[in-house]
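K.L.:
Chains as they are written, first to last, in the numbering used here: chain G, 65 to 235; chain H, 19 to 186; chain D, 4 to 142.
Everything labelled a hint here was simulated from the structure, so no lab data went into it.
For lysine to aspartate or glutamate, the following DMTMM-like pairs were computed, each having C-alpha atoms within a straight-line distance of at most 20 Å:
| # | chain 1 | residue 1 | chain 2 | residue 2 |
| --- | --- | --- | --- | --- |
| 1 | H | Lys94 | H | Glu78 |
| 2 | H | Lys119 | H | Glu170 |
| 3 | H | Lys94 | G | Glu66 |
| 4 | G | Lys116 | H | Glu25 |
| 5 | G | Lys220 | G | Glu153 |
| 6 | G | Lys220 | G | Glu100 |
| 7 | H | Lys94 | H | Glu178 |
| 8 | D | Lys48 | H | Glu75 |
| 9 | H | Lys119 | H | Glu141 |
| 10 | H | Lys184 | H | Glu75 |
| 11 | G | Lys134 | G | Glu162 |
| 12 | G | Lys116 | H | Glu29 |
| 13 | D | Lys74 | D | Glu98 |
| 14 | G | Lys134 | H | Glu25 |
| 15 | H | Lys119 | G | Asp111 |
| 16 | G | Lys118 | G | Glu194 |
| 17 | G | Lys118 | H | Glu25 |
| 18 | D | Lys74 | D | Glu47 |
| 19 | H | Lys119 | G | Glu66 |
| 20 | D | Lys96 | D | Asp72 |
| 21 | G | Lys220 | G | Glu156 |
| 22 | H | Lys85 | H | Asp97 |
| 23 | H | Lys119 | H | Glu25 |
| 24 | H | Lys81 | D | Asp61 |
| 25 | D | Lys74 | D | Glu92 |
| 26 | H | Lys110 | H | Glu141 |
| 27 | H | Lys119 | G | Glu112 |
The chain contents come next:
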Amino acid sequence: METINAEIFTLTYGSMVRQLIADLEDISAVNKQLDEMGYNIGIRLIDEFLAKSKTGKCGDFRETVDRVAKVGFRMFLNTTAAVTNWNAEGTECSLILEDNPLTDFVELPEGCQNLVYCNVLCGVIRGALEQVSINTECSFVRDVLRGSDVSELRLKLLSLNKEEYPFKDDD
Amino acid sequence: MPRQCSETCLELLALELVRAYGRQSRVPPAAAVDAIGFRTGRQLAERYTANRARLGEPLEVIKFVCKEFWMEVFRKQVDNLRTNHRGTFVLKDNTFRWLAKLSVDPAPPAGAAATRAVASVAELARDYLVLPCALVRGALAHLGVNAAVTAEAAVPPACEFTVTIKPR
Amino acid sequence: MIVCAAVIGQANNPLYLETFQQGSSDDALRFHYIVHCSLDAVEEKLALPRKSPGEPSDAYLGLLYPTEDYKVFGYVTNTRVKFILVVDEPVPKDEEMRMIFKRFHAAYVDAVCNPFYSVNTPLTSSSFDASVRTIIMTL
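Can you make the complete structure from the sequences, with help from the hints?
P.N.:
The following block contains the structure:
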């Protein structure tokens, strides 16, 4: 896995968020745009993830989320997310991020308290999982940039597509 | 060693940001991507010159960009530096990493289709080069060298950056 | 001990100035004046030819000038941002001053990397302020 100084990624992302705010003006539009961009990134990211992690088919949603949290975050962001707060049905959980290169150096100003700075991550997870036929909803419920100790993403399983195998022979 | 992350993160982010701005028509895309790169370049210059002896005249700054800066940001040094000694510098990178995924098909179709194929890769390269050009321009500006920076990738991933120092 | 720390921008505009001494607001003005005057000394040092050709110049400028009660030290970055430290007795050794400036520089670089900070504008970051306070406490 080729690595780079994370700061180049961190700073490019930061400049981009800053520019989006200037261009779109409306913070909720920026949040939406970050999610969309994340989605487009996620659908491309999954290929590398599957190839490099030599992931076979995951047994269930729980296993998939575990893989995302431990292997995925480590592979790309060089950090890990803890998985907690599962609901009884095993369809909803939280990903806790203590440390995240995207938020290095960032201090949100007064006027941006509604900005979900790392919303791109929600889109990435959603896009990547969709490519392996898992439809989810993902959003931040706690954010280190807005006063919390850790960032928490809430991940909800919406549905599974019938074709569960991304590499079926007769496709 | 400073904190690391996968190169893929940056590659995909850069790709998507160019595409996202290309898809909208609210603001001129090249200008927005340029602003993003410029801002980032300034910050990177601040970081990468922090533990370094003071740079003097423009030539020293350009050399710094070709060696240390290029190494930190583009993971290798510039392969060749030429100048006309009148304020124009040409920096050649034979395997520019940010274009690594964008190369000409080794067996292109013949005739008109070939010309079109090569032309479209060159166009695509130009869009993707806006960001690194702005990064370099931002870094130079922040180090006191006001210059125009353009890039051409006739045969990706080889890339030539032209730095033209603006007269005072 | 350090009684005042300042950051001056590329255009000699003040970006940050904090005093660390109990006193009336008079003192704040006085420090602004001291820092302002030190910029001339900075320009002089920067205009000096290098000790020998090819030898890299230093970011640390050393003692800029003494006032009645204090000594003023300077440091300039490659991006022409100046850091000024006004120091009380006992005056630290050069080695210590260099180290303090390096840490000050590192804190500044992190502040500049905040995407919401605009270059050459006043530094209002609370983490920058906290870092500076930690640094000056080490003396």
